[in-house]
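Undergrad: Chains A and B supply the protein sequences, listed in that same order. Heads up: the first sequence at position 273 corresponds to 327 in the numbering used here, and the numbers run straight through without jumps. Heads up: the second sequence at position 170 corresponds to 226 in the numbering used here, and the numbers run straight through without jumps.
Honestly, the hints are just simulated from the structure, not real lab data. Some hints could be false.
Where chain B lies over chain A, by a calculated footprint (3+ residues, C-beta under 8 Å) [said to hold, decoys possible]:
#1 63-73
#2 82-90
#3 93-103
#4 164-170
#5 318-328
Computed spacing ranges between beta-carbons, pair by pair [stated by the list, open to error]:
#6 Gly210/B / Ala101/A: 31 to 41 Å
#7 Glu289/B / Val314/A: 52 to 62 Å
#8 Glu77/A / Arg75/B: 21 to 31 Å
#9 Arg242/B / Leu245/A: 41 to 51 Å
#10 Ser107/B / Ala275/A: 54 to 64 Å
#11 Glu289/B / Pro247/A: 51 to 61 Å
#12 Met187/B / Leu193/A: 30 to 40 Å
#13 Phe266/A / Ser161/B: 47 to 57 Å
#14 Arg75/B / Ala116/A: 44 to 54 Å
#15 Ser107/B / Ala219/A: 47 to 57 Å
#16 Arg242/B / Val194/A: 45 to 55 Å
#17 Ala275/A / Met187/B: 52 to 62 Å
#18 Pro161/A / Asp280/B: 31 to 41 Å
All of these numbers come straight from a predicted model, not from anything done at the bench. By construction, the Cβ of each residue, glycine as well, lies at the ideal position given by its N, Cα and C atoms.
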Amino acid sequence: MSDPDQQLVDLTQPSPPGVYLAEVWRRRDFALLVPVQDLRAQNMGSALGQLWHLLNPALMVAVYFLIFGVIIDTSRGVDNFLGFLIVGVVWFHLTQRVVQDAAVCIPRNLGLIRSVQFPRILLPAATVNGQTAAFAPALVLALAAVIATGERPSLRWLALIGVLAAQFVFNFGAALLVARIGAAVPDMRQLLPHIFRLLFYASGVIFSVDAFVTSESWRRAFALNPLYDVITCARWCLLGEPVDSWVVAGMLAWGAVLLVVGFVVFWRSDQRLGA
Amino acid sequence: MDPGRAVTVRVDNAHVYYRVYEDPAAGIKQLFSSGRTGRRYQTIRAVRGVSLDLHESETLGLIGSNGSGKSTLLAAMTGLLPLQSGRVLGRSRPSLLGVSAALRSALSGRRNILIGGLALGFTRAEVESRMDEIIDFAGLRAAIDRPLRTYSSGMRARLNFAIATARIPEILLIDEALSVGDEGFRARSAERIDEVRSAAGSVVLVSHNMAEIEASCDRVAWLDAGSLRAVGEPGEVVAAYLASDAAR
Numbered sequence: 055m056s057d058p059d060q061q062l063v064d065l066t067q068p069s070p071p072g073v074y075l076a077e078v079w080r081r082r083d084f085a086l087l088v089p090v091q092d093l094r095a096q097n098m099g100s101a102l103g104q105l106w107h108l109l110n111p112a113l114m115v116a117v118y119f120l121i122f123g124v125i126i127d128t129s130r131g132v133d134n135f136l137g138f139l140i141v142g143v144v145w146f147h148l149t150q151r152v153v154q155d156a157a158v159c160i161p162r163n164l165g166l167i168r169s170v171q172f173p174r175i176l177l178p179a180a181t182v183n184g185q186t187a188a189f190a191p192a193l194v195l196a197l198a199a200v201i202a203t204g205e206r207p208s209l210r211w212l213a214l215i216g217v218l219a220a221q222f223v224f225n226f227g228a229a230l231l232v233a234r235i236g237a238a239v240p241d242m243r244q245l246l247p248h249i250f251r252l253l254f255y256a257s258g259v260i261f262s263v264d265a266f267v268t269s270e271s272w273r274r275a276f277a278l279n280p281l282y283d284v285i286t287c288a289r290w291c292l293l294g295e296p297v298d299s300w301v302v303a304g305m306l307a308w309g310a311v312l313l314v315v316g317f318v319v320f321w322r323s324d325q326r327l328g329a
Numbered sequence: 057m058d059p060g061r062a063v064t065v066r067v068d069n070a071h072v073y074y075r076v077y078e079d080p081a082a083g084i085k086q087l088f089s090s091g092r093t094g095r096r097y098q099t100i101r102a103v104r105g106v107s108l109d110l111h112e113s114e115t116l117g118l119i120g121s122n123g124s125g126k127s128t129l130l131a132a133m134t135g136l137l138p139l140q141s142g143r144v145l146g147r148s149r150p151s152l153l154g155v156s157a158a159l160r161s162a163l164s165g166r167r168n169i170l171i172g173g174l175a176l177g178f179t180r181a182e183v184e185s186r187m188d189e190i191i192d193f194a195g196l197r198a199a200i201d202r203p204l205r206t207y208s209s210g211m212r213a214r215l216n217f218a219i220a221t222a223r224i225p226e227i228l229l230i231d232e233a234l235s236v237g238d239e240g241f242r243a244r245s246a247e248r249i250d251e252v253r254s255a256a257g258s259v260v261l262v263s264h265n266m267a268e269i270e271a272s273c274d275r276v277a278w279l280d281a282g283s284l285r286a287v288g289e290p291g292e293v294v295a296a297y298l299a300s301d302a303a304r
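Looking at chain B on its own, in the form it has when it is part of the complex (with noise of 0.2 Å):
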């Protein structure tokens, strides 16, 4: 990694916990039991004082187990999770990419990409002059007048990256959304991924497919319980991950 290149995202020292209202199993036992009455809670600490920096022009890669606390640092980087303590300090805010908690499974293919549109900061101009592009792109024009809800799911994965690949921003976090829809839409989206890519400042890319992880990124940081095991070169750290996979 070269050093001299400008710093696009610091995370400094984060901290991200969670708090949980535990649902006890509940049996005659505890109901009736003299303990402590209200409501327990736990607080789960999904990311422990991450450092982390994003360089420009540079994919990072972030893998790590199921629950290692990759998703949740990922939003954290856009700021929009709110940290215990820490810090996120960025060029420009970050993105996450994908638009699907935007999208209304009662209205039409066409109407589902003007709102998600304009969640992404769209003015309705901008959709419209988009429309068809994006139309063609998620391959969807014949059920495109059509409610969402009778959309396969691989449909729905296909209009939502279509809609939120519209637009590239300077920093862009992708988490697991490239292998969706059918062989000819994913060389589709692979192709626009990679134009994204050479487009965006930096990418943060959040995968468990090592081949993948490898092929496309310049650095590659480990989470393991919320902490960060290892940052280097794809080849040293995807290799250090699997062996200690393999031995769990």
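Excised from the complex, chain A in its bound form (with noise of 0.2 Å):
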């Protein structure tokens, strides 16, 4: 009889990059719909219910424009400010509620994963999907706002499209970076907010850097900051702000770099994360 070990793999390993992903696209749903379903749940109890997705964006906007467009004056060089700080406010959101929201997706879902066995790399694509399509009510808020500023839709707008796979790739690759660190350290769910404050005065959400930094260097060093750039280009395709090509290829780089350095650390540590 011949060796009936020989089939046994090792279960603690794990599994080689080809074969994690294809189970991961063989369970592609779970990281589709159980988010979806997790959004209903969010504003279920609540009077206005489901509206809550549309009223929060635009809320957060208007707050913004009574504190930086009418009582601090920042719109020095921006034509349309208000639109300007629409398309800032709610890109910069997006990629802050994803990371925010990868950080805690392990230690949030521990009991399934220690009862179930999944592609771990699920729970922040599930996280991703979620806050992506969380964000779809505001994206057509601050459509709908430029248009009401006077903007008229153009073929520029088009772009856009290539604006949000480009900072859907980027959101995915930190949020793959910041799930795994913060599965290891629960205490990055304390400091992010913090480094999201921080990055959001370094990214020109509410001024534009172009007018108030006049230095062509310390221009440049914006460029290395990819909220900034996803920020600059979504305002290019939107507005018809200027953009430059560093700050286009720093978006592109920054998205396939964190994707890739984001895989390859969650996929090593995948079987580890239930400790």
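Build the complex from these two chains, which are given one at a time in their own frames, with help from the hints.
TA: What follows is the structure, encoded as structure tokens:
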């Protein structure tokens, strides 16, 4: 009789990346449908229900406009400041929500991780999908507001699809990395809001970097900030604000690097995430 | 036991340790004491050097007192728990029976069947084609569109069981899940478990119900303080365990 042990594989070792990705693809419905169900559950108890997905970004933009458009005027160098502000705030918060949610996606699902076997990458993937789906009303709101402030849709607006795709890739890569760190160091969750507050001011969300920063080399340095890159590209699409090739290259490079690094880091630790 | 039967899972000298931070009773004295500051932790050695083979079409019972490491060993067999040392080998990945951790109490039973099914690896289409069968098996037709939080614990357990047994894996691990619900459901679930047992390649059953262990297992392993005390004939091992339990 042949050795019956030959077919045994080490279950504590991660499966090879190809097998892993095939399993992720086979189970893609989990990452697509579960976050949608969770979004439904989120506002189920409130009086206005699902309307909050639209009201939330609207109120957020209103508050920023009150502070930075009316009380402290930072509109220097921008023709359509309301549109400028809306695009900045909405796009910044998409990444912020994805990344902050990703930091807790492993600890929050510990019970599931310990009882059901599936590629853990589905959890940050579900986070990215869920927050991106939650972004849809804000996106519609932003487009409507930009039109209301006097912009007219043009062919340039089509490039927004590319910007959103690049931001999705970037968000996904960042989510993988942060999910891994958040699983090992739960304190990450406390730190992230402060990191994002810093990034908020370093991304030109509420002011035009071109108008406020005079040094050419400093302006170049802003292109190293992926959020500045994404917001600037989105503003170019919708408002015709200037953009240079460094900014586009920065956005694409950050996305590609983070996706690869994030995947490798996450995949290598996949089996250890339940501890 | 027939030694010629193929091995489906091999646990090879497995150690599982947990690191647990202590939460000492905070008294004034501790606050001002000059001793070590920082957080103290304790290492819990839940499984200490267990080696065990599971064979094709075998039902193995796992017994032991509370805290002896049964559930930890069961979780380690899935490869889901990182081992301190040792290995877990398998022909395919064993699955724990149960999906309660995936369920969302704010959502309806129907939506939870979708979520639970997806967590178990079904596609959306596969869940939808089994939906009616799962609802009927759980006996929740009237309550299926109500949020889960309005369910009684028995109703929840029935739903969990019905979803979890919708797919039968090759190697199944069962942790005390057999006696849920009322009489009618218990009969149906016992029947389903038998079905699962005969379809699954091998089964590991953790239970405190010795009658059930003796009735359904081919072999029994007795776990004591993280180590195997005995492995063998169900009658003998259960008798030895009960004798030692009574002596304490």
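Undergrad: Check the structure against each numbered hint from earlier and tell me which ones fail, lowest number first.
TA: none
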